[in-house]
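Listed in order, the protein sequences are those of chains L and G.
Residue numbers for the first sequence follow our numbering, so the first one is 12 and each next one is one higher.
Residue numbers for the second sequence follow our numbering, so the first one is 12 and each next one is one higher.
If you are wondering where the hints come from, they were derived from the structure by calculation, not from laboratory data.
Please note that a few of the clues may not be correct.
DEER-style ranges, computed between Cβ atoms [what the hints assert, rightly or not]:
#  : chain 1 : residue 1 : chain 2 : residue 2 : range
1  : G       : MET31     : L       : TRP118    : 34 to 44 angstroms
2  : G       : THR182    : L       : LEU203    : 15 to 25 angstroms
3  : G       : LEU156    : L       : SER240    : 31 to 41 angstroms
4  : L       : LEU97     : G       : ALA136    : 52 to 62 angstroms
5  : G       : ARG17     : L       : ALA229    : 38 to 48 angstroms
6  : L       : VAL85     : G       : MET31     : 29 to 39 angstroms
7  : G       : THR182    : L       : SER245    : 26 to 36 angstroms
8  : G       : ALA139    : L       : ASP74     : 26 to 36 angstroms
9  : G       : LEU203    : L       : THR79     : 31 to 41 angstroms
10 : G       : GLU43     : L       : SER240    : 21 to 31 angstroms
11 : G       : MET31     : L       : LEU156    : 44 to 54 angstroms
12 : L       : LEU185    : G       : MET31     : 50 to 60 angstroms
13 : G       : SER245    : L       : LEU125    : 18 to 28 angstroms
14 : G       : LEU232    : L       : ASP140    : 36 to 46 angstroms
Where is the CB? At the ideal position from N, CA and C, for every residue including glycine.
There are 2 protein chains.
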Amino acid sequence: SSEALRQDDFVGISFWIISMALIASTVFFFLERDRVSPKWKTSLTVSGLVTLIAAVHYFYMRDVWVATGSTPTVFRYIDWLITVPLLMIEFYLILSAIAKVPVGVFWRLMIGTLVMLIGGYLGEAGYADVWIAFIVGMVGWFYILYEIFAGEASKINAASAPKSVQSAFSTMRLIVTFGWAIYPIGYFFGYLTGASPADSANALNIIYNAADVLNKIAFGLIIWSVAVSESEKSL
Amino acid sequence: SSEALRQDDFVGISFWIISMALIASTVFFFLERDRVSPKWKTSLTVSGLVTLIAAVHYFYMRDVWVATGSTPTVFRYIDWLITVPLLMIEFYLILSAIAKVPVGVFWRLMIGTLVMLIGGYLGEAGYADVWIAFIVGMVGWFYILYEIFAGEASKINAASAPKSVQSAFSTMRLIVTFGWAIYPIGYFFGYLTGASPADSANALNIIYNAADVLNKIAFGLIIWSVAVSESEKSL
Ligand SMILES: CC1=C(/C=C/C(C)=C/C=C/C(C)=C/C=O)C(C)(C)CCC1
Ligand SMILES: CC1=C(/C=C/C(C)=C/C=C/C(C)=C/C=O)C(C)(C)CCC1
Numbered sequence: 012s013s014e015a016l017r018q019d020d021f022v023g024i025s026f027w028i029i030s031m032a033l034i035a036s037t038v039f040f041f042l043e044r045d046r047v048s049p050k051w052k053t054s055l056t057v058s059g060l061v062t063l064i065a066a067v068h069y070f071y072m073r074d075v076w077v078a079t080g081s082t083p084t085v086f087r088y089i090d091w092l093i094t095v096p097l098l099m100i101e102f103y104l105i106l107s108a109i110a111k112v113p114v115g116v117f118w119r120l121m122i123g124t125l126v127m128l129i130g131g132y133l134g135e136a137g138y139a140d141v142w143i144a145f146i147v148g149m150v151g152w153f154y155i156l157y158e159i160f161a162g163e164a165s166k167i168n169a170a171s172a173p174k175s176v177q178s179a180f181s182t183m184r185l186i187v188t189f190g191w192a193i194y195p196i197g198y199f200f201g202y203l204t205g206a207s208p209a210d211s212a213n214a215l216n217i218i219y220n221a222a223d224v225l226n227k228i229a230f231g232l233i234i235w236s237v238a239v240s241e242s243e244k245s246l
Numbered sequence: 012s013s014e015a016l017r018q019d020d021f022v023g024i025s026f027w028i029i030s031m032a033l034i035a036s037t038v039f040f041f042l043e044r045d046r047v048s049p050k051w052k053t054s055l056t057v058s059g060l061v062t063l064i065a066a067v068h069y070f071y072m073r074d075v076w077v078a079t080g081s082t083p084t085v086f087r088y089i090d091w092l093i094t095v096p097l098l099m100i101e102f103y104l105i106l107s108a109i110a111k112v113p114v115g116v117f118w119r120l121m122i123g124t125l126v127m128l129i130g131g132y133l134g135e136a137g138y139a140d141v142w143i144a145f146i147v148g149m150v151g152w153f154y155i156l157y158e159i160f161a162g163e164a165s166k167i168n169a170a171s172a173p174k175s176v177q178s179a180f181s182t183m184r185l186i187v188t189f190g191w192a193i194y195p196i197g198y199f200f201g202y203l204t205g206a207s208p209a210d211s212a213n214a215l216n217i218i219y220n221a222a223d224v225l226n227k228i229a230f231g232l233i234i235w236s237v238a239v240s241e242s243e244k245s246l
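Let's have the full structure, built from the sequences with the hints guiding it.
Given below as structure tokens:
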């Protein structure tokens, strides 16, 4: 009986809803691939991979949460360690669909990702002071923001993209700014308020869950929408 | 033995039948996508997602029912919380296939949905008086009906749709009126007759199950049928 989802476990309910929404999104992206022109197909494939990987992790995380009420930190970071690089690949693909992009752009986005996630994990898993780890993570994230707003990636886009791609690119940037900002807020409420992590587990998980909906599903839908409209143009 | 479906458990049998019918419908909608022209494909994708998500939930609900004989309220609402918005998206897509639709239409349909479902959940899960929660849910539903019969959504359709789309739209409206009306009837027999909820569980679940067949499967079939006939025309 401790294994069944209780109707007052709203964090558990959010894990459930999201795991289902992720499955639906995965099927959606994979099916809709056939509607877009070849150069957009890989972008939809990658969007579906992000939600597929997340769906699998959400099933595990959901079970951990429903059975024990504790935060499934290790599964979350395994998920992020695969899906965030995939999202960086999406940026790279969007740019590559319209211009020749130096591969250094890609590696710099990866380094920012690793610093951000390793920092966060060391803090959440108890290997480092939660504040120091937080700052390290923030540095990684700011580096990504720098690259897409002021670095080489941003210049490529401004120079040569058609309107709809430019607007997709800037929406994706806004997601990396405001959508991703939800994660450090979750970390803050989970670890930095002085309350014990067990007491903050509800806030932490519900905030991370909401952030994942936006950053995995909505992010993919933006790519789908530009892919569909660009493909219809070229018909 | 308490885990196996008994041959006199007719509510359990209905859970079983519907979970199978939902799988079949999902496969049907996904396979038939390749027969219709591109602008109709997304509608079939979404129909299949509705039945896919419902199928997964029906497997869980079936197990809860067969093992415990109790109403799987939380799973039903998680299902509805994802599938009803998808049905609202279907309306929006049907309209968008033929005209430019202001995005406000979509958000207003969403708000009606949320009021309806949150109202219902508060009542069924015991967070609010069952009558007050019922009335709140009814208000949300009436608001949806207003929007599709008298609001902006209805005007768009009347103005610019071809015959077959107009008739699909009006069938969909009838489903939202009479098909959806089955749910509050289920709620009524489940909670408002004065009998204890445990005694009313059979009536509640069999009515909700029947309603889901109509509103998920038949609704999708209507969309499939207009998509096929419109696509044949344009060949
Ligand atoms: C800045 C910062 C963080 C940011 C995490 C982010 C931004 C995760 C993004 C995950 C995504 C986008 C997954 C999508 O699939 C941490 C590690 C929480 C804590 C340290 C400070
Ligand atoms: C009006 C009303 C209700 C309506 C529920 C409906 C209309 C659910 C529809 C579900 C569908 C269509 C699922 C399809 O996938 C409740 C919440 C039972 C009780 C409160 C009053």
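(request) Would you pick out the hints that fail for this structure and give their numbers low to high? (result) 1, 2, 4, 12, 13 and 14
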